[in-house]
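Engineer: Take the given structure of chain D and dock chains B and W to it, following the hints.
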Amino acid sequence: MKNWLKKNGKNFATYAVVIIAFIVMQVLSNAGVLTRSVKGYLIPICVYIVLAVSLNLVVGISGELSLGHAGFMGVGAFTGVVIAACLKGVIDNDILRLLLAMAGGGVVAGVAGVLIGIPVLRLRGDYLAIVTLAFGEILKNIIGNLYIGKDALGLHFAFKAENLHLAEGGKKILEGPMGAAGEKLATFGVGFALILFTLFVVLNMVNSKEGRAIKAIRDNRIAAESVGINVTAFKMKAFVTAAVLAGMAGALYGLNFASVSATKFDFNTSIDILVFVVLGGMGNILGSVIAAAVLYVLPEAMRSLYDYRMILYAIVLIVVMLMTWSPKFKQMVQIVTAWIKDSVRKLFKKSGKEVGLNEER
Amino acid sequence: MTETDLSAFVIDCQEREETVLSFIQSLINGISIGAVYAIIALGYTMVYGIAKMLNFAHGDVIMVGAYISFCVTQYLGLPPIVSVLAAMVVCTLLGILIEGLAYKPLRGVPSLAVLITAIGVSYFLQNAAQLIWGSAPKIYPSVVAIEPVQLFGGQIVITGQVIVTVVASVLIMVALTLFTGKTKIGKAMRAVSEDRDAAQLMGINVNRTISTTFAIGSALAAIAGVLLCSTVPTLMPTTGSMPGIRAFTAAVFGGIGSIPGAMLGGILLGVIETFSKAYLASEFSDAIVFLVLILVLLVKPAGLLGKQVQEKV
Amino acid sequence: MKKDNYPKHMVEVTTTNLMREQDKGKLPVLDVRNLGIDFGGLTAVDGFNMTIGPTEISGLIGPNGAGKTTIFNLLTSVYQPTRGSILVNGIDTKGMTTAKVNRLGVARTFQNIRLFTDMSALDNVKVGMHNSIKCGFLSSLLRLPPYFKAEKEANKRAMELLEFMGLADIADVKAGSLPYGVQRRLEIARALATNPSIILLDEPAAGMNPTETEELMHQIRRIRDTFQIAIFLIEHDMNLVMNVCEGIVVVNYGRIIAKGTPEQIKNNPAVIEAYLGKKETD
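Chains as they are written, first to last, in our numbering: chain D, 459 to 819; chain B, 253 to 565; chain W, 79 to 360.
Extracted from the complex, chain D is given alone in its bound form:
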């Protein structure tokens, strides 16, 4: 039992935190405590948690710096919107339609992951980073100029509005730079389920022979090869799994708003997700969950500070990075905590004696 706890305690805690947070939010929401705007954050938070956890699989566990994660999110988002629009009228159950859209978003993003992974994963370090950035921008660029319409004949694709050639009664789903008209299908419950699914996949993967192989490659590529591990194949597994999860999260995101445009899925969003991962701790899944939730809410919570909120966010980011990494800062923190501990102990000793005396009497 003790051994089991030691091995699985952290995973258990991760699930527990997510489930408790969900229950608390549900209760607060039903009690009517939450304002409309706070409720509006719930689904995006779920989306960003999934994105952060999946990116952590690539950056933290596999050790490859990817700067194009938002591209997969975008692919998933638009695939999801298109699928949901196609199934409208075919399937009446909205939740089922949402789930199918998410599954489709995951599959298409996964295919994009394979196509991108083949060239990208041959590169190393900063070159891999710049190429993932490039692919993210390419995906954004393509989605941003894609027109998709639907009519009686089926789906039409084009890169120019006038080439769409929709028949009478046809409907445009995706309109290039204008984005797509989504449909509000997403629910907090599905978002929560997606987080659980993501945790299940990522944690199980990390704690299996696949995960060991991936971590081994990160720790020492040459040694991993020398014990018979196919490096590219396992980097690919991590990369594609992360892409699939990001695609599913993207579909949920796309179906949460009345409209989505490709500019949302650019480099800056990729960077935001990366910030969640690094601040939460590389390879630390629970850390990603918490960092994504807190850092998404933080700028929103500081809305009352108007123009100062983003600059404060930037300062918080820099200070947190310095505090967690700088040896000097660490030393200072150690000295301060030691001092506090010491003075607290002294304080307690005094009061402890007094308490002891009182007891004797």
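Derived by calculation from the structure, the hints in this document are not laboratory data. Keep in mind it's a predicted model, so treat the numbers as computed, not measured. Just so it is clear, CB atoms sit at the ideal spot from N, CA and C, and this is done for glycine as well. Honestly, I wouldn't trust all of these hints.
The calculated label-pair distances, taken between Cβ atoms and stated as ranges, are [unchecked claim]: (1) D:473 - B:449: 40 to 48 Å; (2) B:271 - D:752: 34 to 42 Å; (3) W:196 - D:617: 41 to 49 Å; (4) W:258 - D:553: 54 to 62 Å; (5) D:473 - B:431: 30 to 38 Å; (6) D:781 - B:439: 56 to 64 Å; (7) W:252 - B:532: 16 to 24 Å; (8) B:326 - D:752: 39 to 47 Å; (9) D:573 - W:289: 31 to 39 Å; (10) D:716 - B:264: 15 to 23 Å; (11) B:449 - W:252: 49 to 57 Å; (12) W:196 - D:481: 31 to 39 Å; (13) B:328 - D:798: 48 to 56 Å.
Beyond 12 Å from chain D on every Cβ pair, some chain W residues (computed) [as the list claims (entries may be wrong)]: (14) 114; (15) 142; (16) 184; (17) 225; (18) 246; (19) 256; (20) 296; (21) 316; (22) 333; (23) 341; (24) 345; (25) 350.
Structural biologist: The following block gives chains B and W in isolation, referenced to the frame of chain D:
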């Protein structure tokens, strides 16, 4: 040859001449924007080569430089050359300050941590600029007062900015090459970039060398900012970020860490961008630029002029 | 091996048949023919020929910079040879990746220890067992019964290997925090976990004290006897090489200068010259 044939031939020739001329014009425009990328990329490449970090805030230093020169000419009414110098001074100080406050404490920690800090600095600069100068775009008047050169009866125009940008980028490249090759501090920089520990053991002050590199990189960013806004005259807090990413791409394209590589990469990137806008699909120019980058890296994983380093087993 | 295959510049060597009695008539585990590699214009290894029987312990010695580790890197496909061929259990490894060569049966350790420093000793060995753990990706993801069965078996075998190398008590310790000598033994355990038919040890005794080295000598023999595999080692500790190895190959400037039993090598003038330099009076 009949009369109609002849006139068709003449028209054909004229069309051909026009296509050739428009090709040359595109080339010139491409080289011009490419030269700006090259100057930014030179800053990126120097900092990367010596401090081994991706300074994502570099693009935002460019923006600060442009704002400073804008303020000096517009509000103080001083001549453009003074504004350039002022921008260089401010950016140099800013570069040293950023390096000292945000990057120096993180020497020796994983590069990803430094990268995120650089992103924080980038956010900070953008938002600080927004607070100071507002988010509305400003129209930046060109600092270049040279008359445009007109060729082929005005069919090809080489503006003063183009001349100044190209000349400046070449001068900067030559100066940097001489600096790193001939001067004592330049040699120290090369030593630090090769092997930081060994350089330290040889008595080189690594911290000071890195600070100097940041100072030089930031001064270059100021020049780049002025030239960028002279070419593309809208100035806002986010002006630097996309050219920054482009220039970073250019540096990787040419082989990051290599000075001629940054120059080559910048020019090529500018030309590819302009050509894909002129001849392919303008809406896909981003995708085309990045696609070319990927293809190059697949064939030459260390960039065009970069050195491939094999890990020792 | 035919004698005329040897390049002409080679020093004449008295070749005795080094194969152990029990290896005779069997396919050699490693058969290297005329191997060579150039880096740029520089020839690092040239005309390297040797065979190793299925249960032979052989040594590769030579002065610093003689090309010993380069030969190991060639044998494990870290480098692709410029010339010649390498047969592992009769199969040519030309163009194969390091991982594939390992699956053919070649495992190795590294001169500058390469453990997975962030993982426990046990996990290091389990990574070595990667290809023998029979459990699909889906079973792992969905935690199906095959996963638990495979993990249980893997744990058991990994512990057995650690015990074999005398490392059972540090199974849960992070590899990076172990002392040097222990790390070297853990690397051997990890290499053994891949079920190799030959194991290449690159300076296994480097950084060990005399007691540890003594212990290592016994362990090397025990590895051969228990697993019935071949061992090929690079080592500067002559005491270890002369005591453990049945056949020795000496290289200098990337070429073989002598081959033979420890006795023959000890008295070979070419070897003495390579190590001590030419006498001035000669």
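Engineer: Now tell me if each hint is right for this structure.
Structural biologist: Evaluated hints:
1. D:473 - B:449: 40 to 48 Å: 44 Å, holds
2. B:271 - D:752: 34 to 42 Å: 58 Å, violated
3. W:196 - D:617: 41 to 49 Å: 47 Å, holds
4. W:258 - D:553: 54 to 62 Å: Between residue 258 (chain W) and residue 553 (chain D), where Cβ atoms are some 59 Å apart, the hint holds.
5. D:473 - B:431: 30 to 38 Å: Between residue 473 (chain D) and residue 431 (chain B), where Cβ atoms are some 57 Å apart, the hint is violated.
6. D:781 - B:439: 56 to 64 Å: 36 Å, violated
7. W:252 - B:532: 16 to 24 Å: This hint is violated: roughly 54 Å between Cβ atoms.
8. B:326 - D:752: 39 to 47 Å: 42 Å, holds
9. D:573 - W:289: 31 to 39 Å: 57 Å, violated
10. D:716 - B:264: 15 to 23 Å: Cβ of residue 716 (chain D) to Cβ of residue 264 (chain B): about 54 Å, so the range 15 to 23 Å is violated.
11. B:449 - W:252: 49 to 57 Å: 25 Å, violated
12. W:196 - D:481: 31 to 39 Å: At 35 Å between Cβs, range holds.
13. B:328 - D:798: 48 to 56 Å: 51 Å, holds
14. 114: Given a closest Cβ separation of 22 Å, the condition holds.
15. 142: Holds: least Cβ distance 21 Å, greater than 12 Å.
16. 184: At roughly 9 Å from the nearest Cβ of chain D, residue 184 (chain W) sits no farther out than 12 Å, so the non-interface label is violated.
17. 225: 7 Å, violated
18. 246: 16 Å, holds
19. 256: 14 Å, holds
20. 296: Per Cβ check, residue 296 (chain W) is outside 12 Å of chain D; nearest 25 Å; holds.
21. 316: Since the minimum Cβ distance to chain D is about 27 Å, residue 316 (chain W) lies beyond 12 Å and the statement holds.
22. 333: Fine: 26 Å to the nearest Cβ keeps residue 333 (chain W) off the interface.
23. 341: Residue 341 (chain W) clear of chain D: closest Cβ-Cβ about 33 Å, beyond 12 Å.
24. 345: 36 Å, holds
25. 350: The assertion about residue 350 (chain W) holds, with a minimum of 34 Å to chain D.
Hints 2, 5, 6, 7, 9, 10, 11, 16 and 17, counting from the list given before, are not met by this structure.
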